[in-house]
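Undergrad: Protein chains in written order, with our numbering: chain A, 1 to 462; chain B, 1 to 131.
Some hints here could point you the wrong way.
Derived Cβ-Cβ restraints for the label pairs, each shown as a range [what the hints assert, rightly or not]:
#  : chain 1 : residue 1 : chain 2 : residue 2 : range
1  : B       : Glu13     : A       : Asp245    : 36 to 44 Å
2  : B       : Glu13     : A       : Lys79     : 34 to 42 Å
3  : A       : Val195    : B       : Lys73     : 49 to 57 Å
4  : A       : Ser409    : B       : Gly86     : 42 to 50 Å
5  : B       : Gly86     : A       : Lys353    : 52 to 60 Å
6  : A       : Ala458    : B       : Arg88     : 16 to 24 Å
7  : A       : Lys233    : B       : Pro24     : 25 to 33 Å
8  : B       : Gly72     : A       : Asp381    : 45 to 53 Å
9  : A       : Leu373    : B       : Glu13     : 52 to 60 Å
10 : A       : Ser409    : B       : Tyr50     : 18 to 26 Å
If you only want the chain A side, here are some residues facing chain B, beta carbon under 10 Å, derived [claimed, not checked]:
#  : residue
11 : Gln66
12 : Ala94
13 : Gln141
14 : Gly147
15 : Val149
16 : Gln372
17 : Val384
None of these hints come from the bench; they were simulated from the model. Ideal placement from N, C-alpha and C gives every residue a C-beta, glycine not left out.
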Amino acid sequence: MSTKNQQVIIVGGGAAGISAAAQLAEFGISSKIIDEATKLGGVVYRGPLRHTEELPHLDEFYQKSQKSLQDKYHNNKDKIDVQLETSVIGPDGANGLILSDQKSLSSLNYDYLILSTGCHERSVPFPGWTLPGVMMMGGVQLQIKSGLVRPGEKMALCGTGPLLPLIACQLHKAGVEVEGVYEASSFTRLAKEAVALLNKPMLTLNGLSMMSYLKRNNVPFHYGWGIVKAEGKEAVEEITVAPYDKEWKADLSKARTAKLDSIGIGYGFVARTQITQLLNLEHEYSYQSSYVPRLSGNQRSSKDNVYVAGDTSGILGSDGAAFEGQIAALDIALRMGAIDAATHASRTNKARKGLQRVRNFRFGFDRFSERQLGMLDLPDDDTVICRCENVKKSQIDAAFERGVKDITSLKMATRAGLGDCQGKICSAYCYDRFKQAGHAERMGQLRARFPVEPISFAMMED
Amino acid sequence: MLNRKADITPIGESQIQIYIDDEPVNVVEGETVLSAIHAVQKNQIMQNDYKANLGAYCGMGICHSCLVNIDGKYKQRSCKTLIRDGMRVTTMSNRFNDMGIKDNQPLVTSADFEEKVASSDQPESEDSNVN
Ligand SMILES: Cc1cc2nc3c(=O)[nH]c(=O)nc-3n(C[C@H](O)[C@H](O)[C@H](O)COP(=O)(O)OP(=O)(O)OC[C@H]3O[C@@H](n4cnc5c(N)ncnc54)[C@H](O)[C@@H]3O)c2cc1C
Ligand code: FES
């Protein structure tokens, strides 16, 4: 069979998806990227959605990386077909997808499929976390980077990892008064990772310059501190923060409060596996990323013609995502006969080496930022865990007391995870509760449900 | 006219407007309903079926905590909807809580499919009032 007309479909036009498409294009292979957003680039490099003359809050380093990703697409435009504002909402038969563009449904067949749908942020419930003004940190960043608006005028950031200083700088440059930045891990834990961080000296230097920017501008950065609760009548007005110990248990005797109108919370990410699940790929539990598709070499999933790249296969950041997209594309190019085995081997090796450097760097940060289960003590009995179905912590506790040991039974018992968001928000907490209770092996995965995105009746009738 | 106080860079000459809770706001091509809401410094965006006030949380279509009524349609995610000239956006509105207002075009979510599957051995009901 001729491979000339074989369809390569890529779901998700972030660093992974664009890199895959550009790599395929280099070998003369056309592909099609589907993305639900209005612009290519993914969550990090999408850029502003409206016209602006300047971007005073984004540094040069960022603007360069964004341009180089956008160039990857522009330089290969004739081989990359892009369909934006279109969500993949589920599979259609053995080798097809159902797409929704808000107006109508359609289907699309593939010979090879690359799923690079990225990640979303991990929710950590605490008293008051559902108040308006409490946002996830990356969500705050999307507001300032893509929306060009400040979601609050006086804000704090509580979380862990390299995004904390980055977003604090961006907020400050955007004109937000940053009350403080609270990094859950202690500085001694970071110092232990010095060697790992030197795998990416540029990124480390960049991190250091952000820290000194914050210092120069009197934005306090507290290591070993974290959120305790948020309070306010209609929306957040005050937060309580406290020192965290090694297990990230808050020391309430040293707690203090701060008045503000918005806060960004960022304790990690979860792989976006709704589509990989609906395609029935095999998954495995990952403490860092929740559940991830099980992959063999070259990003191949348990289905031979389906590849997974980028954060969907475990959180590695955009540089890692780009290498993974490239590795998947090289494998497809080999199978389509566009390159020989020697070219495949040498190019794949090079990408793998790059990926390894990212991993060495990243793992240093991951060890530093590894989530500790002490945070599970934050919610009180009345804290809502599942915001869609209003399931409170006491209901989750009651189910555990009755002996529930898996997530599907927990959903049946409490309705947690049954709402509009399909459990994307509450499942991270529930998995951690099972892990804490010693049931990680048997808790199972909260299944994604068709359609991944709500659709209207009118669309179904057509 | 609601004042845009939270813009990081000026929106320039705006030719188009939307209405947020019946008040006009200048907007520009490309922006989301959520960024217009944030630009006028509102953060209480929806009331869920349990009467809890919620605001935008994930900013990327995941959490369904930013649902507004747009031109009569309930449960539209403001963070994923681009503005259109003349659009009417109502915050804090909920079909269950807005007594007497009939939803003109309900959305079909995965929960509906799930309930269908669970009740598939029972006779089909006449009532197609899903949420
Ligand atoms: C809100 C947020 C902010 C972040 N900020 C940073 C940052 O500043 N710096 C950093 O290094 N890392 C950041 N990260 C981590 C970041 O996700 C990775 O570093 C990097 O973007 C991964 O690239 P990717 O290609 O795997 O995924 P992404 O860049 O996330 O791209 C995935 C794309 O898939 C699309 N998509 C998903 N599901 C579907 C579907 N069903 N149908 C159609 N399209 C779909 C999405 O619209 C998106 O464009 C952030 C993550 C999040 C969630
Ligand atoms: S803010 Fe989460 S869906 Fe809009």
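Undergrad: Of all the hints given earlier, name the ones this structure violates by number, lowest first.
TA: 1, 8, 11, 12 and 16
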